[in-house]
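Top line first, the protein sequences correspond to chains P and B. Numbering of the first sequence is given in our numbering, commencing with residue 1 and proceeding in unit increments. Numbering of the second sequence is given in our numbering, commencing with residue 1001 and proceeding in unit increments.
One thing to keep in mind: the hints can contain errors.
To be verified - List time: in silico DSS-like cross-link candidates among lysine-lysine, alpha-carbon distance up to 25 Å:
#1 B:K1178 - B:K1193
#2 B:K1310 - B:K1193
#3 B:K1178 - P:K48
#4 B:K1252 - P:K48
#5 B:K1018 - B:K1232
#6 B:K1018 - B:K1178
To be verified - From the structure, some residues in chain B lie toward chain P, with a derived Cβ separation under 10 Å:
#7 E1007
#8 A1029
#9 V1079
#10 G1080
#11 G1159
#12 A1241
Rather than coming from a laboratory, the hints here were simulated on the basis of the structure. For each residue, glycine too, the CB sits at the ideal point set by N, CA and C.
Now for the letters of each chain:
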Amino acid sequence: MPRTSRHARDVAVVAFAQSDHLRRTDELSEVEMVMPVLHQVLARTGLKAGEIGFTCSGSSDYLAGRAFSFTMTLDGVGAWPPISESHVEMDGAWALYEAWVKIQTGEADTALVYSYGKSSPGPVRDVLTRQLDPYYLAPLWPDSVALAALQAQALIDAGETDEPSLAAIGARSRAAAEANPHAQLRGPVPQGDYQVRPLHTGDCPPIGDGAAAVILAAGDTARRLCERPAWITGIDHRIEAHGLGLRDLTDSPSTRTAAERAGVFDAPVDTAELHAPFSSQEVVLRKVLGLGDGVAVNPSGGALAANPVMAAGLIRIGEAAARIHRGESDRAVAHATSGPCLQQNLVAVLEGDPA
Amino acid sequence: MSTSGKEPVAVVGIGQTKHVAARHDVSIAGLVREAALRALADAGLSWTDIDAVVIGKAPDFFEGVMMPELYLADALGAVGKPMLRVHTAGSVGGSTALVAANLVAARVHRTVLTLAFEKQSESNAMWGLSLPVPFQQPLLAGAGGFFAPHVRAYMRRTGAPDTVGSLVAYKDRRNALKNPYAHLHEHDITLEKVQASPMLWDPIRYSETCPSSDGACAMILTDREGAARSPKPAAWVHGGAMRSEPTLFAGKDFVSPQAGKDCAADVYRQAGITDPRREIDAVEMYVPFSWYEPMWLENLGFAAEGEGWKLTEAGVTELDGDLPVNPSGGVLSTNPIGASGMIRFAEAALQVRGQAGEHQVPDARRALGHAYGGGAQFFSMWLVGAEPPES
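The shape of chain P in the complex, shown without the other chains (with noise of 0.2 Å):
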């Protein structure tokens, strides 16, 4: 299959690791949490922190609960001599992103890419809250789940989804997590009680701490670095308004774009890892990205199964990427989403080197 790259170099994705993705870590600090996953994201391709051209990490002050608590955990990349480095207080996803841009203007030839979460320490659902517009939604404190719950209801109002349709997304990211050893929520889990109608339990994510990093590298030192390296033909994000009541939230429209952009829909793609916390957010984000029933979809699990806040989304990438450098894969598609009700999303197309 030949590749299609959209842009001026060759990227691709030619390491991933992640951490196992636990209900809590109290015994961790982010560092002690992200330090074991840098080791080996570089192990696997020999490389040390000072030889990679470029670092980049997404996380979020208000899951760690102090200011500027990323850089600390740069603290444990080892950064000396000093490293050309940069932050996003957004998933990991993004913080790729902003690395793959670096590698297009040609000054970097390698990027290192972490990113994690620690969601234990206080109720992230209340936390999230703190997102919304601070002056008329934050202060009445609709929680993550209530909302999704909302996009839930409007997806079954339009007669594109039911309950039992749901439960069976729930039930299909958990059996398919029983091969993955970082997975939170593996094998056969309990549909449970409703969270917020018509949301169960077995249709949210689980609350976890994580951590996840991947090392990019452009054309030749990509093929030097991997057997087979995933590369990015295409990558694009998009945003949509805030409000809930300005979008029709059994659609996405920022998906639909970001996904044109990587050229998701050139050609036909046998995996995709969708960052859908929610099981109802996998049906639209299945509609937007037409994607059939011959696709693997979340062959990891996906959030259903673990879902480290800030890492999810880079772990999606990682994870396409790691079916590529099997050869489970040839062309993929990954998403990552940020905001309520998938406000904020990004595509990546990754495919294989012809066998």
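Given chain P, work out where chain B should sit, using these hints.
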């Protein structure tokens, strides 16, 4: 690593708010929109000309809004477009501009709006930086307590007389009087008043520290074609870099961090600068406490080690000196933290566009914008010129 294939990046629009202690008249969205609209007007462009938005600010705790880019998407015309949020501590305003510039340089987007802001009046920045974390070094009630010992180390190391800090503050506050957007306009400022102001963190006096400001700064960055259509002169990016080093480690030089030296060296290499003191006409330097001017003069290669204070003392860094530093009044006069780095970058661009008004350095052709953050561990800089870079 080749950089020859990059698209030249031009700054064609700059907008700032009038920075003040508290903007009670606008929401956060209203504040950022004000700066963005001014930048668009300056560039002669409208929202539809913008392909992507890159936004930066310092910790979310400062306003109490987690990931505010989500809420601000509408106010910044970003709906349907890509929007990135950068956070690299105090250097963020500069880093944000560089991320935006890279989008153009890589030819991913042609015209990008970049903006940084802080609305400090929504909260209390000092305590926002002072959340206690077990087993980690606290920032000691705000930034001044963290940086004062390093200033003291500089004085001890170089033998600088203790009058130098007040000279910087006196100069910057006078320069601010010429900048309509500056926060502090102290019309009755005198050197004696600076020197008589209360000691906060010895040797840093009240009048040698930055204020807490509400404000935003925006820039429009575009490619060669976009610059050709621009109604006003463009500032061209000749070099830009970020460098980071760990917060705390044995051997870290807090007086002149290696990351700052490396960052400047990278920018000068890209821009073909071999003698910064002679070849750069104006510097917008991140000086939140007055003593950082002589310290950074050395760190950035404008003076030999131990000699920075002599430039300050001799008046070289005055607006009419031969290396004007902070003609805008600098961070000492205006500090919406997350925006402060971008203001440095934007003011450097204003200088080479000849658009700096009363604080214009005559015939400025090349100017440096500089930002730093964290425990003096994050650095971002760019060098802008009146002419396009040689390709």
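Each hint, compared with the structure:
1. B:K1178 - B:K1193: Between K1178 (chain B) and K1193 (chain B) the Cα gap is close to 19 Å, so the pair holds against 25 Å.
2. B:K1310 - B:K1193: Holds: K1310 (chain B) and K1193 (chain B) sit about 22 Å apart, inside 25 Å.
3. B:K1178 - P:K48: Judged against 25 Å, a Cα distance of about 49 Å means the pair is violated.
4. B:K1252 - P:K48: At roughly 21 Å apart (the allowed maximum being 25 Å), K48 (chain P) and K1252 (chain B) satisfy the hint.
5. B:K1018 - B:K1232: Holds, at roughly 22 Å.
6. B:K1018 - B:K1178: Roughly 13 Å separates the two Cα atoms, so the pair holds.
7. E1007: Since chain P brings a Cβ to about 9 Å from E1007 (chain B), closer than 10 Å, the hint holds.
8. A1029: 8 Å, holds
9. V1079: The hint holds - V1079 (chain B) has a Cβ within 10 Å of chain P, the shortest such distance being about 5 Å.
10. G1080: 6 Å, holds
11. G1159: 28 Å, violated
12. A1241: 7 Å, holds
Checked against the numbered hints above, the structure violates hints 3, 11; every other hint is satisfied.
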